[in-house]
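First to last, the protein sequences are chains A and B.
Take the first sequence: its letters are residues 1 to 115, numbered as in the working numbering.
Take the second sequence: its letters are residues 1001 to 1115, numbered as in the working numbering.
Think of the hints as simulated: they come from the structure by calculation, not from any bench.
Please note that a few of the clues may not be correct.
[As the list claims (entries may be wrong)] Taking lysine to any residue and the SDA-like style, the derived pairs with C-alpha atoms no more than 25 Å apart in a straight line are:
1. A:K67 with B:V1115
2. B:K1071 with B:S1005
3. A:K42 with B:V1115
4. A:K42 with B:D1024
[Claimed, not checked] Going by beta-carbon spacing under 10 Å, a handful of chain A positions derived as facing chain B:
5. R28
6. V29
7. S32
8. T107
A virtual CB, placed ideally from N, CA and C, is assigned to each residue, including glycine.
Residue-level listing of the chains:
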Amino acid sequence: QKEVEQNSGPLSVPEGAIASLNCTYSDRVSQSFFWYRQYSGKSPELIMSIYSNGDKEDGRFTAQLNKASQYVSLLIRDSQPSDSATYLCAVKESDYGGATNKLIFGTGTLLAVQP
Amino acid sequence: DTGVSQDPRHKITKRGQNVTFRCDPISEHNRLYWYRQTLGQGPEFLTYFQNEAQLEKSRLLSDRFSAERPKGSFSTLEIQRTEQGDSAMYLCASSREVASGNTIYFGEGSWLTVV
């Protein structure tokens, strides 16, 4: 059973600080990784996608990927109270040449940004 | 609005009744997915269509669940003889077929409560 693991939190950070969210995955050959933000009662909203080792920056968000360690993270700089949400890590199941397009999600980390 | 559209947004039904949800994907997207999310969990994959062909089904999709995408556009998810354990948010998502890393976008979800 392929798995995606996240700390459920809550992760509490003060406003203006850097929030660091982590995720590990079990499928060694996965190639596509995603971070979704989900506000309470709402559907997941895509924040970042990353496919190559290293860092990818988009505004206040930086995704980091280390395939050797099977680890992906999301950094949120200058955290704002409006960033308070559950952050879901998702890994696209490896194709092995097949047609699967399934995303495997972690249970999410609840982030609380304190004003 | 050109996002993924789901209907109804909320449904309360008595145990044993049938329910049907509809999803209209983003217009240029040929791939459509159904996920289910319960409280405190990440979304779980149910099924996937490429155009009108249902290419993958999760073992979570029991015989009481059926999904269709008759003309490769909108999709329906029907749950027969609902049980209390079916209470969840049912998420539809869509994506475009690209060589790699196709991004999946979610609709706002359909909440089901079985009483």
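For each hint, the structure was consulted:
1. For the given pair, K67 (chain A) sits about 45 Å from V1115 (chain B) by alpha-carbon distance, which is inconsistent with the 25 Å threshold.
2. In summary, the hint linking K1071 (chain B) to S1005 (chain B) is supported, as the alpha carbons are separated by about 17 Å, within the 25 Å threshold.
3. Distance check on the hinted pair: K42 (chain A) and V1115 (chain B) sit about 22 Å apart at the alpha-carbon level, within 25 Å; holds.
4. Our distance criterion of 25 Å between C-alpha atoms is met by K42 (chain A) and D1024 (chain B), whose separation comes to about 18 Å.
5. Interface hint at R28 (chain A): violated, since its Cβ lies 17 Å from the closest Cβ of chain B, which is beyond the 10 Å cut-off.
6. Interface hint at V29 (chain A): violated, since its Cβ lies 13 Å from the closest Cβ of chain B, which is beyond the 10 Å cut-off.
7. Proximity of S32 (chain A) to chain B holds as hinted, the smallest CB-CB distance being about 5 Å (cut-off 10 Å).
8. Hint status for T107 (chain A) relative to chain B: holds, with the closest Cβ pair at about 5 Å, below 10 Å.
Consistency with the previously given hints fails for numbers 1, 5 and 6, ordered from lowest to highest.
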